[in-house]
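Chain residues, written in single-letter form:
2 protein chains.
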Amino acid sequence: MGKSVRETFRVPAEPDLKAIDPCGRPIGPKDKSAAADDMVDRGSRLDHLQEALYAQATGGGRRAVLLVLQGMDTSGKGGVIRHVGGLVNPQGLHIATFKKPTPEELAHHFLWRIRNQVPRPGFIGIFDRSHYEDVLVARVESLVSEEVWRRRYDEINAFEAELTEKGVTVLKCMLHISPEEQAERLLARLDDPAKRWKYNPGDLDARAKWWEYMQAYADAMRACDSDTAPWYVVPSDRKWYRNWAVAALLDETLTEMDPKFPQPDFDVDAERARLASLVI
Amino acid sequence: MGKSVRETFRVPAEPDLKAIDPCGRPIGPKDKSAAADDMVDRGSRLDHLQEALYAQATGGGRRAVLLVLQGMDTSGKGGVIRHVGGLVNPQGLHIATFKKPTPEELAHHFLWRIRNQVPRPGFIGIFDRSHYEDVLVARVESLVSEEVWRRRYDEINAFEAELTEKGVTVLKCMLHISPEEQAERLLARLDDPAKRWKYNPGDLDARAKWWEYMQAYADAMRACDSDTAPWYVVPSDRKWYRNWAVAALLDETLTEMDPKFPQPDFDVDAERARLASLVI
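Chains Y and V, in that order, give the protein sequences. Using my numbering, the first residue of the first sequence is number 110, and each one after it goes up by one. Using my numbering, the first residue of the second sequence is number 110, and each one after it goes up by one.
Bound conformation, chain Y alone (with noise of 0.2 Å):
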């Protein structure tokens, strides 16, 4: 028996993101084509397993999943919410974008930005960047010390084992994709008026420190990688790859959480037969 999709993506002990092929499929679909058609069948499960995720926690279910995606620039953390995210009912999914923090984020600990969104029971929650840029971003730009920024690494797993601990099932996607691939995202955004927007100046000073930054994330990988808040690194040159790739750990996770429907908490028949007498 093969692999699973997480056992293949998961993240090595020893991260060497130069080893892994941001163009690699190690599994699932070879082509666009395929990737589409496992798709519709990956979204129509995934859809129906949040539906019973969501109800559960109607029943005093108390599980949630979050999703956390990390990546440079342009790597496709906003693809990957619109076409996994866009396979579930949007009412049960929590999208956090997590920014440069604001002065009042910044006099806070670094996690209380974090805590206030962090799934409510029966959703799914995805980060767009998250706590880790404490790790990344904070280290690069040294915003703090080293001895700040090492002890992050114990106040993050003590964080996500509290989550696990809540019953927060959590997830987390480095989106690898190689320099060649990020030049050529971020010059179709100058080119393309709609994309533009998009576009920030800062994005060319956090290239240009490119290796500190893969450092950066092979370092929180390795010290904060578990089996109950696991890393995986997603191949993610190619977008229809990195997306499909995304859908099917989100996939195995929910499946292996196998919520169910709760039972009712009324008589059914008596509830069938106060409708029947209510005539309108």
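Each hint should be verified, as a subset may be incorrect.
Heads up, the list lumps identical chains together, so a pair's fine if it works in one copy or across two of them.
Unchecked claim - Only pairs whose alpha carbons sit at most 20 Å apart, straight line, appear in this in silico PhoX-like list of lysine-lysine:
#1 Lys304 to Lys369
#2 Lys307 to Lys369
#3 Lys369 to Lys139
#4 Lys127 to Lys318
#5 Lys369 to Lys275
#6 Lys307 to Lys348
#7 Lys348 to Lys141
#8 Lys209 to Lys307
#9 Lys304 to Lys208
#10 Lys369 to Lys141
#11 Lys208 to Lys318
#12 Lys304 to Lys348
The hints are simulated quantities; they were obtained by calculation from the structure and are not laboratory data.
Go by the hints and put chain V onto chain Y.
Structure of chain V alone, referenced to chain Y:
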């Protein structure tokens, strides 16, 4: 030239819900398949309009949309969120569901929990129930005195005028179903184990007061309809027609708003040159 979708569904000055056919199709597609075709076109336009609205906000734009959904149980508020909300990028949607107020919510003014969920600039907010519950269930169930709920009409009008002032375009839909259709849908929820979680014995208590609710709806729409925060009555006995109608109302509203992608606040050629020089 024919009426627009908005003109067609706009609540009459003296609303008489008995005179509006919940099964009517006064405009648009005559069958499900024609509606599905039209939804594809509207969906891609809505998606584009929503992206422009979102983009505009990143450039300092203040505009947002708020779609308020009201209707008796099973009228299809959730279905509209799934099928109409599902047409656009979930990242640009803000969905808020208002249930029976919590003790904390009750301790505040009735608009407090509503204000907390007003969509930020760039977003399409969808309210599954809303501040109108405070002049509907609150009135029919005598949760507050007549003096209190009557005063709320003015408070709602002032609040919605404030939203308009802030840049939030408000549209409100009453999903209008017949009591016969409700009976069928409630029975379906009782019969199907995967739907039972949506059933609440309290639904029958509200059903028993059907015509009191219709009076409360008519009065609320009469008191709180305006050109800047219009009420629409959407025939909702046919699910496909209901979804089409709400999508069309949203499409017309956003088309009129005509959101534009923002102009870049950086020198595009200079950025192209910087990018070209940044070989990683």
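*Is the C-alpha distance from Lys369 to Lys139 at most 20 Å within one copy, between copies, in both cases, or in neither?*
neither (33 Å within a copy, 38 Å between copies)
*State whether the alpha carbon distance between Lys307 and Lys369 is at most 20 Å within one copy, between copies, both, or neither.*
Between. Shortest inter-copy distance 14 Å satisfies the 20 Å Cα cut-off; intra-copy 40 Å does not.
_One pair to classify: Lys304 and Lys348, alpha carbons no more than 20 Å apart. Within, between, both, or neither?_
within (16 Å within a copy, 36 Å between copies)
*Identical-chain pair category, Lys369 with Lys141, by Cα at 20 Å*: neither (33 Å within a copy, 32 Å between copies)
*Taking 20 Å as the upper bound on the Cα-Cα distance, should Lys369 and Lys275 be classified as within, between, both, or neither?*
within (18 Å within a copy, 43 Å between copies)
*Can you tell me if Lys304 and Lys369 fall within 20 Å by alpha carbon in one copy, between copies, both or neither?*
between (42 Å within a copy, 12 Å between copies)
*asked:* Please sort Lys209 with Lys307 into within, between, both or neither, judging by C-alpha distance up to 20 Å.
replied: Within. Shortest intra-copy distance 15 Å satisfies the 20 Å Cα cut-off; inter-copy 40 Å does not.
_Within, between, both or neither, where Lys127 and Lys318 count as close if Cα-Cα is 20 Å or less_ = Within one copy only: 15 Å inside a chain, 67 Å across chains, cut-off 20 Å.
*asked:* Within a copy, between copies, both or neither: which one fits Lys307 and Lys348 at a CA-CA cutoff of 20 Å?
replied: Answer is within: at 17 Å inside a copy they meet the 20 Å cutoff, but 37 Å across does not.
*asked:* As a check of your reading, is Lys348 near Lys141 (CA-CA no more than 20 Å) within one copy, between copies, both or neither?
replied: within (9 Å within a copy, 33 Å between copies)
_Intra/inter-copy verdict for Lys304 and Lys208 if alpha-carbon distance must be at most 20 Å_ = Within one copy, since 19 Å is at most 20 Å while 39 Å is not.
*asked:* With identical chains, the pair Lys208 and Lys318 could be close in the same copy or across copies; at 20 Å between alpha carbons, which is it: within, between, both, or neither?
replied: within (19 Å within a copy, 48 Å between copies)
In summary, the numbered hints that this structure violates are 3 and 10.
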